[in-house]
Amino acid sequence: MQPQDFDQIASPVSVAHFSQYKLSRLLLKHLEKLGFHMVNSEKREHGSIGEREILMGHECIAVNGAERGVTVTASFLSKGKYMTRDIQCHFLVGTDGAGSSVRKSLGINMRGEKDLQKLVSVHFLSQELGQYLIKERPGMLFFIFNREAIGVLVAHDLKQGEFVLQVPFYPPQQKLEDFSSEMCKRLIFKLAGLELADVNVMDIKPWVMHAEVAEKFLSCNNRIILAGDAAHRFPPAGGFGTQSVCAFIMFSLCQLKTCNYYLSKN
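Using UniProt numbering, the letters of the sequence shown map in sequence onto residues 1 to 266.
Just so you know, these hints were derived from the structure itself, not from any lab. These numbers were taken from a predicted model, which means no experiment stands behind them. Ideal Cβ positions, reconstructed from N, Cα and C, are used throughout, including at glycine. There's no promise every hint is true.
Stated by the list, open to error - Per label pair, the in silico range of CB-to-CB distance: (1) E182 to M38: 35 to 41 Å; (2) L34 to A247: 20 to 26 Å; (3) I249 to S11: 19 to 25 Å; (4) D198 to N222: 51 to 57 Å; (5) A16 to L176: 30 to 36 Å; (6) P172 to N109: 25 to 31 Å.
Using the sequences and the hints, build the whole thing.
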């Protein structure tokens, strides 16, 4: 967005680009204000789970639904060993991403187009690039095509100089090992058109773009709900899974609140 976009505000809220890991921290802080508290796996190796507890370090590995509830088997690390525990609940919302273990445990398939594009994601920091873009080309998303390289640059935070670069990846002609930190730095220089002195490559990961939707969003007598990327994969990247899940979860929570009310009465 450009500075002039904020000259006339016609809405009580404005568009913002906000990294998911930063949003997660804010959500956790808000939950703590509401009386929830985080519990790590070491403190919850044995015993039942209390109310308003957020279990950290747990991974869902299996789900079993019954007429009156859901059993979740979770894996966690305790004293250097992986252990499992069963968690009983009335309802389960699977928001565990595109590779959802909840969806896989239920045997729900995805329909649509697979492997639309293979890409490599390069997370890097450069305050020099951030300051240059603030002065010369403020924006959030940059599609770059030149004779040297092709890529999409996502500016997560121009002031802090935090970026993610998405570049096409063509296996088997290319291997992930080809994308070393030094190679990625040279690629960033080519795409930016600048010899940046402070580039710090934080992470390099491959990913595949899909356009798929789960065969169904509800399972086990409607006690298990899929939402977000677990239910649908949107191309291209852009946080569309998060955006859509907000509306869907608001609707689902209203229904769950009603169900819990009647369960408490019975």
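What hints, given by number in increasing order, does this structure fail? Failing hints: none at all.
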